[in-house]
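Knowing the structure of chain B, use the given hints to seat chain L on it.
So you can see what is in the structure, the chains are spelled out below.
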Amino acid sequence: TQLLEQSPQFLSIQEGENLTVYCNSSSVFSSLQWYRQEPGEGPVLLVTVVTGGEVKKLKRLTFQFGDARKDSSLHITAAQPGDTGLYLCAGARGSGSRLTFGEGTQLTVNP
Amino acid sequence: DTGVSQNPRHKITKRGQNVTFRCDPISEHNRLYWYRQTLGQGPEFLTYFQNEAQLEKSRLLSDRFSAERPKGSFSTLEIQRTEQGDSAMYLCASSFRGSTYNEQFFGPGTRLTVL
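Residue numbers (my numbering), protein chains in the order written: chain B, 7 to 117; chain L, 168 to 282.
In silico contact screen, one side only, chain B against chain L (beta carbon under 7 angstroms); selected entries:
#1 S37
#2 G48
#3 P49
#4 L94
#5 A98
#6 S101
#7 L105
#8 G108
Output of the computed footprint for chain B on chain L, the stretches with three or more beta carbons under 8 angstroms from beta carbons of chain B:
#9 211-218
#10 260-273
Quick caveat, the hints were computed from the structure, so don't treat them as lab data.
Backbone N, C-alpha and C fix where the C-beta goes; we use that ideal spot for every residue, glycine too.
So that you can see chain B by itself, here it is in the shape it has in the complex:
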């Protein structure tokens, strides 16, 4: 059973377009982390959101945590080919706990 549902699963867009990736769950998490993974490499941590309603910005990336701490979104403005990769959301239920990952969103940005 996948506790975190990501959508869309695949996304192919042109350079300069905007996009949003969603991460939804029926469970509450104490924090939610977003990672980006390239082929043959491990996931790289982008951001951690912890407070319901929180918004964090990382250059052209905007992350939001839902008010109930069950869902999150990642918005990319003016996507670039370097943004291509697998975007993963992962929820934690406390300090020291395992991470529960979504299936990921494979993003391809075409020049």
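The following block gives chain L in isolation, referenced to the frame of chain B:
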């Protein structure tokens, strides 16, 4: 700080053989995690150490799998009598006990192929 390292990066083995992977966490991190990732999926939790103590194991970790962290530093993951279904990317992550939100930092992974 060189980050989390894993060795080997790639391993090809024949069904029935034993394999062992090593993970060296970030030096001041006392928590260490193993995950497994198959193609098209997100990583799945296998096991977790705090210092040398193995505190949690997933039911995915069958009796053919064993993990150790004898001195609370590096960790090894051994798979005995490998099966084709064990083919996957094995990821190690570490975190600092003082990290309230359990931010985990991943190594590059070991890609296992069982023929």
